[in-house]
Amino acid sequence: MIELKNVSYTYPHTVQPALHRISLSLEKGRCIMITGPSGAGKTSLCLAASGILHHEYGGKMEGEVIVDNKNVSVYKTLSDLARNVGVVFDDAEAQMIFTTVEEEILSALEHRGLSAEEIEKRLAEIMKITYLNELKDRSPHNLSGGQKQRVALAATLALGNDILLLDEPTSELDEHATVRIAGILAGLKAQGKTLLLIEHKYSQFREMVDTLVVMENGTVTAKGKPEDLLRDERIRGMVLPDFSTFRKAAPAPVTAEPVITVNNLSHSYGTIEALHDVNLMIRKGEFVAIVGENGSGKTTLVKHFNRLLSPSGGDVIVNGRNVKECSIADLARDVGLVFQNPDHMFFADTVRDEIAYGVKNLAIQDAGAVIDAALKDAGLTESAGLYPRWLSRGERQRLAIACVVAMQPGIIVLDEPTTGLDGYEARDVIMMLRNLQEKGHTIIIITHNRDIARHCADRVITMENGRIISDTGGA
Amino acid sequence: MAEILQYVHKDTFLHQLHPYTKIAFIIIVSVMCIIATDPAFLALMGVTMLAIAASGKLLAESLHQLKLIIVMSVVFIAITVITMPNGETLGHVVPQAVPFIGGLIPITTGGLMIGIVLTLRFIVLIFAFQLFLISTQPRDLVHAMEKAGFPIDYVLMFIIALRFIPTLQIEGQRIHEAQLARGYNPGTGFVGKIRSVAPIVIPLVSNALLRSNVLGLTIDMRGYRTGKRTHVRERVFMKRDYAVFAVLAVAGCGFVALVLKGILV
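Chains as they are written, first to last, in numbering that gives the first Met the number 0: chain A, 0 to 474; chain B, 0 to 264.
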């Protein structure tokens, strides 16, 4: 259905090729999963295979891309190509143009030259297989990440092509939502659809993947049946990372002084109670993981630690001070918060300036040395002069952590620090956090990854519906 | 979070009207409130808008804009009082007892009146346009605008501009929080204020540009710009639309008659 013959590609205004001599063949009814570190060229490959690079980007293309037995250059426009290939991009929000779920899918159906009855029939069918019926009148900003991904997928299915290309459809989803997407895709494959899937989470998709492709530095470094490739230890570490080696011999001493104490904390957004009577004590030097499904109140809880949110009821005490009596700027010295999407913070021209921003804001002494140390810890010394947005996702994640670490807070809180990273990159991030813990920092991470929570943290707190339902370190 | 100008899905008389009917309503209302200068009449129109909103179960959404409206009213009235003194003097912003500058900026009936009329006009216009946008499904709007001969690219641009308001609001909020956690300090003084904008605006614009790339590809791949479309669930003119047109015609004629008699202006 799709064939790439010795394809190399260089984006306009760049020198380094993004894709280098790639040959790949996707047969009807099969599923290929492409994996590899961030910045390896996986998205570029997806754009090449769908003909988008050829039709929209310009740049230098060598080799041949064949879609449905025709070279992509034979198709006149992208809309022509779209009759054969459906692409679900990673940013679900950007793929919603209308303001209700049903409208979005209906509008996509209307442009296919079907009869009105046929459209209604397909609409019902698609809503059913993507489980969107109860959400049909919702607007995009009232949907969770997983629901948005299902809408993006449904609207692409509406185009009715047999080939589907999906670029990290589950990167920001929790386990439950990921399993749901995997189930939908398995159903589509069973119907005879051909799938090209860019993913890091092999374990949830293992049942349906026929061929595993590993990409590194713009080229395919391994390709074959998953069970064959996974015998290679290096590839195994990338797609099925083992975090169990992180377990420390002795957990942090329970006698250390408390750095965060939460008493009867409640928080409401309007009439919705997001946190309900939460009690918690975290001691200096602990490595705590907070797990729970999307919407269980994890992010709401940690935003109280540096007063981005103020309690509706109860108290939060950080280093002996009630946060109600501190300003956000004050608390930034004690608590560093790294958000899920690193791109929400970058604005400087260089990596170094980006780190310097927080350091300057807090007027930290000996700034030069502090910044150098943060660069080194993040493994970004060589990239200090680059534009932050040019870095790969893994590097940007480490930079976001470095920006906060350089501000020297005793407590570092991270919201989903391994999103969109492969096994090795995730390990790098965890390693960085482990080192910080050894230097005396208290680390709190929010994660969907149960392996990371179980093996890397000293203590796992599970939240559900705004409450803590279990705590392995119950102090 | 208040969702500015977003379609609110409900099943009411107002929602079921044809977009053309609502556009006609907007045009008539706009013309009326621009011509009329009688504050009592304009206030009545404002109340009518709210009554219509209530009939469409959209009163709460309409009142979301109250804060904006109050701020706007104060600014308008202040500007007209200061710049358009006319008629009787009611008092002075700076009391006459103050030495040297006492008696500056008189508050006049004329200035006050112009301010009130301007404010009421804007209130009516804001309510009317908002009512139109939040009760009309974007799809219907696209169809109506396309039929009216607008090029599809412009129609999509209009729809997308509205659709992404809340997305940008939420994103701006997240960026603001991320920078606050890094000790972001909204600057003081003119230069400080300008500088303090960079950490918020640069990520917001960079992310929006990235997003617009995906959005553009999506529009092309779904074939929205080719214009070939099967018409499904199209709104057709119903009895209710004719009824509204009749009401609008009567109101329009009545208005013209009153204006010709010299009432309302």
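Among the clues, some could well be false.
Stated by the list, open to error - As a list, the in silico EDC-like pairs of lysine to aspartate or glutamate whose alpha-carbon atoms are at most 16 angstroms apart: (1) 9(B) - 136(A); (2) 283(A) - 437(A); (3) 135(A) - 176(B); (4) 302(A) - 10(B); (5) 375(A) - 352(A); (6) 227(B) - 437(A).
Please keep in mind that the hints were generated in silico from the structure rather than gathered at the bench.
This structure is a prediction, so every number in the text was calculated from the model and none was measured.
Problem set entry | Hinted pair residue 227(B) and residue 437(A), Cα distance within 16 angstroms | violated, 63 angstroms
Exercise. If you draw a straight line from the CA of residue 9(B) to the CA of residue 136(A), is it 16 angstroms or shorter?
Worked result: Holds. Residue 9(B) to residue 136(A) sits at ~9 angstroms (cutoff 16 angstroms).
For this session: Decide if the proposed pair is consistent with the structure: residue 135(A) and residue 176(B), CA atoms, cutoff 16 angstroms inclusive.
Result: Roughly 31 angstroms between the alpha carbons, so the hint for residue 135(A) and residue 176(B) is violated.
For this session: For the pair we were handed, residue 283(A) and residue 437(A), check the Cα-Cα distance against 16 angstroms.
Result: holds, 11 angstroms
Problem set entry | 16 angstroms limit on alpha-carbon distance, applied to hinted pair residue 302(A) and residue 10(B) | violated, 38 angstroms
Problem set entry | Pair hint outcome, residue 375(A) versus residue 352(A) [Cα-Cα no greater than 16 angstroms] | holds, 15 angstroms
When each numbered hint is compared with the structure, violations occur for hints 3, 4, 6.
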